[in-house]
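Colleague: Single-letter residue listing:
Protein chains: 2
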Amino acid sequence: MALKTECQVRIANLQQQLQRKELDGALILYPIDLYYFAGTRQNGMLWVPQSGEPLLLIRKSLTRARQESCIDDLRPFPSSRQLTELVGRPGQRIGLTCDVLPIAQLDYLKKVLPEREFVDISGINRNLRSVKSPFEVEKIRHAGEQLSKVFAQVPDFYQPGMREVDLAAEFECRSRKLGSEGYVRMRAYNQELFQGLLVAGGSANQPGFFDGAVTGCGLSAASPHGASTAVIRPDMPLMVDYTAVYDGYIVDMSRIFVPGSIHPDVQHAFDTALEIQRQVIAALRPGAIASELFDLASSIAAEAGLGECFMGVPGEQAKFVGHGVGLELDEMPVLAKGFDVPLQQNQTIAIEPKFLLDGHGVVGIENTWAVDPEGGIRLSPADDRIVTLPAQGEPS
Amino acid sequence: MALKTECQVRIANLQQQLQRKELDGALILYPIDLYYFAGTRQNGMLWVPQSGEPLLLIRKSLTRARQESCIDDLRPFPSSRQLTELVGRPGQRIGLTCDVLPIAQLDYLKKVLPEREFVDISGINRNLRSVKSPFEVEKIRHAGEQLSKVFAQVPDFYQPGMREVDLAAEFECRSRKLGSEGYVRMRAYNQELFQGLLVAGGSANQPGFFDGAVTGCGLSAASPHGASTAVIRPDMPLMVDYTAVYDGYIVDMSRIFVPGSIHPDVQHAFDTALEIQRQVIAALRPGAIASELFDLASSIAAEAGLGECFMGVPGEQAKFVGHGVGLELDEMPVLAKGFDVPLQQNQTIAIEPKFLLDGHGVVGIENTWAVDPEGGIRLSPADDRIVTLPAQGEPS
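One line per chain: the protein sequences are A and B, in this order. Numbering-wise (full-length UniProt numbering), the first sequence opens with residue 1 and increments by one. Numbering-wise (full-length UniProt numbering), the second sequence opens with residue 1 and increments by one.
The hints are simulated quantities; they were obtained by calculation from the structure and are not laboratory data. Each residue gets a CB set at the ideal place from its N, CA and C atoms; glycine is no exception. There could be a bad hint or two in this list.
Said to hold, decoys possible - Which residues of chain B face chain A? A partial, calculated answer using Cβ under 8 angstroms:
1. GLY39
2. LYS60
3. VAL100
4. GLN105
5. LEU106
6. VAL154
7. ASP156
8. TYR158
9. GLY161
10. GLU181
11. ASN190
12. SER220
13. ALA221
14. SER223
15. ASP265
The following block holds chain A by itself, in its conformation from the complex (with noise of 0.2 angstroms):
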């Protein structure tokens, strides 16, 4: 039943913001978007009037979103014909989340439902998404809790010698057993995670496609990202970012270990990044523009003498210190350069300030935080503290 007053809301919420752009109503047809406004992800398209019932025709599987949807008008995905008369009418204005639906679809769409016009519908899509509510928040928070867990058991699985990718195959377990359903989703076509990224020393340097401080190195140029073959060394900073999934719902954390002993440096740079963390964080309220958290998180890098190699190596730093996080990882809003908005309560936020160190690899750290009056509350409730390795093995 929350779920179901959940999707009500979500929807009056929707034609609410229909109305004000004067359109007839929105055709929901993306999985993630169709999830988060019915109930289902299964295969088929939700039509929402500006005002009344909405419509939810489902292809595959029919008994399966009948379990899971609280769409109350749910029926067999129809005939192309019979859809004409179904979906709007012509002359009217219909809403599309064009920066995800495949120039096919639209192709598809002007075929069954002529003389309506298509409107791009993605930002208010991306905004209605960014707030969330108590329900929301609380899965968050309880992927949170969960991705916590794992963390924490880090130092009983790692063995020294270990390759990045042994360690994540490690850590990628414990989390799928403890209910991560793994598949993370992205918004922008061309971004891809394959649960998170974990890297140890110099693998940090490989510059890559992903919208981050780091990408790593990965396992081939098709998988460019995350963890590599390469072994874990020594008295190197290793960063374990990883994301959890409960419902759909991400969490993104970031924590780092040395096997060894931690140098000065690794030490000044993450001491920097939690002093970021903290003055950001009392600062994460209704209101506060994004574009200056960011100014901020660099001020107090520059202060620092580590301005350089802030969030990336000179030349490919990344301009932003945070982003949305929710049912994709690249949710609104970004805290970044140019990015002159608000923020609004409960918008929920992965802060992830970084440095590069040069001869080092990757130092930072990264909590989800819910924006509240008092400050950001924490949803990611692990030890901030580096977690120090036995550098060797014990002799056998």
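Assemble the complex: chain A is given as a structure, and chain B must be docked to it using the hints.
Modeller: Leaving out everything else, chain B in the frame of chain A:
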């Protein structure tokens, strides 16, 4: 160097098709398409004129693209004004893979490349990609050999009383340690897969969005496929249907395990699946008609008295018995009703005859094969037979 030659041949094949369709060039933007033609999946754009040298423009990371790509003319992504000069001319017809590119990308391209006509080349791309070079076949064979090793280890890590997700986690862990990249690409915008489907007993009866014989319950309505938290029960078939990914190339396999004893109905259905595999593979030759191989499979199922539960429960039966695999899991051709196309040498196809047995679950076999004049060449060597597992733990 092998990759450079590969990419040159792929681009020459594309240019030949562009000429045939009287297109002036193609713009390749989608990550896995870029990887296929340029050898890198960094964030950027490949311009392939109808004839002459291609041009690769990279947003991020230029450094990494230079390491990976075989395109000689590789440049940083230009300003919009420069882009207009570099990519085609007004009046020209330019191909795009409209099956996957978002509508918003088309809107952007129309702005920066005015007066060009954009034409869908999805079919050309999918057909080119369906036929593998010997280099590509070897990639899939390697994936098949590695994944076969994980299948062989299942009796070592299976424990009575495990939940589906526990066994899935252990399977995935070993596959990752052997080097599987994990991230499985699918082309259809409404399909998703997290590594594989592990489905025991009654979990097979849960229908779902997934375009296959079986979907599994998954962990939530947001990720409604694959392993669930259900405990694996004795005397019921357990289907382990998994992919492995190496250098982006996917292999697809299924095996049946039974904790305890094999019911005669399960054995009968399994033997029928093997017979379907045997006959379809014998016919997997250039020139064979894809839909006729599905008909052949269906008729063997019907003769064995299993027509009603072939590839799904009545009313939700999938109308295919095999699908192309390569850089994506849902490649061409499909051995399905309506696909009246001849097979081509070195198309790589996963053949997966499966039965949904009332009261038991799913039973069948899946291997990946290359089309060959002598009949299908096996790329996934693991033993086909059902493996029995202990029904109960050793008394302690």
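Colleague: Which constraints among the numbered hints does this structure fail? Numbers only, ascending.
Modeller: 6, 7, 8, 9 and 15
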